[in-house]
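J.: Sequence:
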Amino acid sequence: MPSLSHNQWTILQAVVPLLLFIHSEPAALAIHFALRELNSILTGVYSVIFLGCLYIFFSQYNEAQHKRLVLINIVLFLLCTAQWASFFLLALLTTDPVSDYTAAVKQAYVKDILVDLNSLANTAAVCTADGLLIWRCRKIWGGRLSVVVLPILVLIVGAGCGIVNFVTITIQIAMQHANALADPSPPPLWFTLANISADVEIALAAASFLVNMLMTVLIGARIWWNTRGLNEMFGRNQRKEYIRVILVVLESGAVYSLLLLLSMIFTALAGDSANKYNDYLPSCRYISYRHPPPGTAGIHVRKRDEFCGDRSDLI
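Just so we're aligned, residue 150 is where the sequence shown starts under our numbering, counting upward by one.
Calculated from the structure, these hints are not laboratory results.
Check before you lean on any hint, since a few could be wrong.
Using C-beta positions, here's what the derived DEER-type ranges look like [what the hints assert, rightly or not]:
#1 392 to 306: 27 to 35 Å
#2 327 to 284: 37 to 45 Å
#3 407 to 319: 28 to 36 Å
Just so you know, even glycine gets a beta-carbon here, dropped at the ideal spot from N, CA and C.
Please take these sequences and the hints and turn them into a complete structure.
T.: Printed below as a string of structure tokens:
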């Protein structure tokens, strides 16, 4: 049986206590509140940036196609804001300790309703964001439907999982609170539905993770491939414009995919602490992914380089 080296033992001795601490209740609460504060800060900062981008866009560009694209981004922003609002109300309305059992039941009912609405907004935001990314990828690949068939199928599966999750949580709420005052213990079917809800939530995050990884690679590779000869044709500075777009796509896609992966891990972990982590990750990952409305950078490049032929519609 192979033995561990000194370095491996050192790493193991450092990592194991850290993992145990992270999964402990004090660490769970600390991360819970830290994520809540981070969520609020990011929401405020991004709101200012987003509104500024909208002002700049509508003051300079009037194309109907681009306005439709921005409208989709506005819908996505509102969905993400609705998620943040549900997190805020969840912390505001359901954290005060109550001694009366009836009041506790009402507080739990409010919490469950907010969680259910959040799951619906989560599914809508995921499908909107991923659908927008798939549309962008198809445009960059010259309208080829074959390139995005697999991501579309994965998106449909993810949307189905999100709908199942919403319906399952709704049934759980009805079962748990229908006779909560007389019998506080939920029926056995409730626990089965809870397991189904956790599984489909992981499946939704996994589907979105797969779509984002595929789209990030396809978009980045396509832009890089189509701009190989720009140095010789138009000079080095011209290619830098497209390289910058590649970096934006890869960076945002990588950060979003990483947070999706973390969401899957925390959802899969058993225990209340995992639920605390996962309550605040979705909104953070959507905010981290949302940069200025897609197409604005491409419009700027096209306006200056309309003579580039097919490459002018690259972004």
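J.: For each hint, tell me whether it holds in the structure or not.
T.: Hint by hint, here is what the structure shows:
1. 392 to 306: 27 to 35 Å: holds, 34 Å
2. 327 to 284: 37 to 45 Å: Given a distance of about 43 Å, which is inside 37 to 45 Å, the answer is holds.
3. 407 to 319: 28 to 36 Å: 31 Å Cβ-Cβ, so the 28 to 36 Å window holds.
Comparing the model with each earlier hint shows no violations; every hint is respected.
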